[in-house]
Amino acid sequence: MSRVAGGDADALGELYDHYGRVVFGLIYRMLGSPESAEEVAQNAFHSVWRQANAYRPERGSVRTWLLAIARNAAIDWRRSKGNRSGRETVIDETLMLVDERRVEDTVITNLRAQRVRAAVASLPPEQREVLSLAFWSGLSQTEIASRTGAPLGTVKSRVRLGMARLREWLGDDEVQR
Amino acid sequence: MTRHPIDDLAALAIGALDADEARAVRAHVAGCQSCGAELRALEEAAFAVVATAERDVPDGLRTKIIERARREGVPRQAPSSPLFDLFRRPAPLAIPVTLAVLLAVSLAAYAGARRDADRYASAIAGIAGARVVALAPTGEVAGVRGSLVIPATGAAPYLILDLPAAPSGKTWEAWVVRGETPLAAGITNDRVVTTLVLTAPLASGDGVAVTLEPSGGVDRVTGNPVLAGKT
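Residue numbers (our numbering), protein chains in the order written: chain A, 1 to 177; chain B, 1 to 231.
Note that these hints are calculated values from the structure, not bench results.
Quick caveat, the model's predicted, so the values are computed rather than measured.
Cβ coordinates follow ideal geometry from the N, Cα and C atoms, glycine included.
It is possible that some hints are incorrect.
Said to hold, decoys possible - Simulated crosslink set (SDA-like; lysine to any residue; CA at most 25 angstroms straight-line): (1) B:Lys64 - A:Gln42; (2) B:Lys64 - A:Ala164; (3) B:Lys170 - B:Arg145.
Said to hold, decoys possible - To be clear about the criterion: a stretch of chain A counts as covered by chain B if any three or more of its residues have a C-beta under 8 angstroms from a C-beta of chain B, and this derived list gives those stretches: (4) 11-22; (5) 26-38; (6) 45-58; (7) 67-76; (8) 116-130; (9) 142-156; (10) 159-169.
As the list claims (entries may be wrong) - Calculated from the model, a selection of chain B residues having no Cβ within reach of chain A, i.e. all distances over 12 angstroms: (11) Pro58; (12) Gly73; (13) Ser122; (14) Gly216.
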């Protein structure tokens, strides 16, 4: 990140090589359109280029910082386009926290992805639902409560319990890449 | 006893907290080792889930990103701290003095009705022969209050602060911000209402801020401002 902050465009390319597939996949999942996802992924990496100096390692890893930027870029894009119809289209798919249908991707064949899928599959459906809406629709807990009609306290409990289970089952050593 | 926002860490990790809540929780996490470790573990679990969505990128996307970066050149040197952004905002940070006094009087009246005394409001209301600039809470920590007092006598300016106890290993530190240079201006570990005489010189147009820093204070600001104002 220090090289990116110093204006080294090749370092930005290396960052893209590491995380481009995840960033693009997240945005694609949130927006449901490959064209939009490409535009927003480009914007997200441009934000990384401009904000690299603001990254603080003591606050978290590069990849969580990068994903926060990507997520915000997708949310901003959707708001700027007033793209509610696209959002509604995506919602049906987002009710799956992980997409069980995708078998062509190499990530599915590796052990890590299998562990994630097993952990997610063991979550109660109501916890999967709120986490899906947060991950893939970019909704806050307040928005999820409004969308689902569940009390805010219930939504908060589901988020907390669901993430606690994932954190426990995936474990620090399993999620490191 | 410090309250740990354990229940909110998962939502913060997946970006599901509203902005105000997120700021407050992040402010706590910045000074709390155990919550910081828990948040990082939750963020890694969240990354593992997001990684299941990864997919092949479109041809040419890498080139577009690199070329755009090269066209723009070296990224703007972002501030090393949100402190500077705060003072770049067009909206005035300081509450006008007259309003500050009115607020203080109101607070004193409110406090008097609620309990016998609100030491902060009483301290502000009791100031005479000085300019008072109310510092604006940034939202990082809820319920904080502070004012800059510049005595007409030429005595050293000081802050009247109403802050929670700093977390273990941390201290509240005041800063005088001149242009883009923050000057360390004193620390305090006192809880509730305290006064802090600024140890750095203060000139017209300078900013003043309070951040949470490692114990003993630091020469270069690292924390987010919790209070800020401009002379």
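Outcome of the hint check:
no., hint, result
1, B:Lys64 - A:Gln42, "holds (7 angstroms)"
2, B:Lys64 - A:Ala164, "violated (39 angstroms)"
3, B:Lys170 - B:Arg145, "holds (19 angstroms)"
4, 11-22, "holds (count 7)"
5, 26-38, "holds (count 5)"
6, 45-58, "holds (count 8)"
7, 67-76, "holds (count 4)"
8, 116-130, "holds (count 3)"
9, 142-156, "holds (count 3)"
10, 159-169, "holds (count 7)"
11, Pro58, "violated (5 angstroms)"
12, Gly73, "violated (7 angstroms)"
13, Ser122, "holds (38 angstroms)"
14, Gly216, "holds (18 angstroms)"
Figure legend: structure checked against the earlier numbered hints; hints not met, in rising order: 2, 11, 12.
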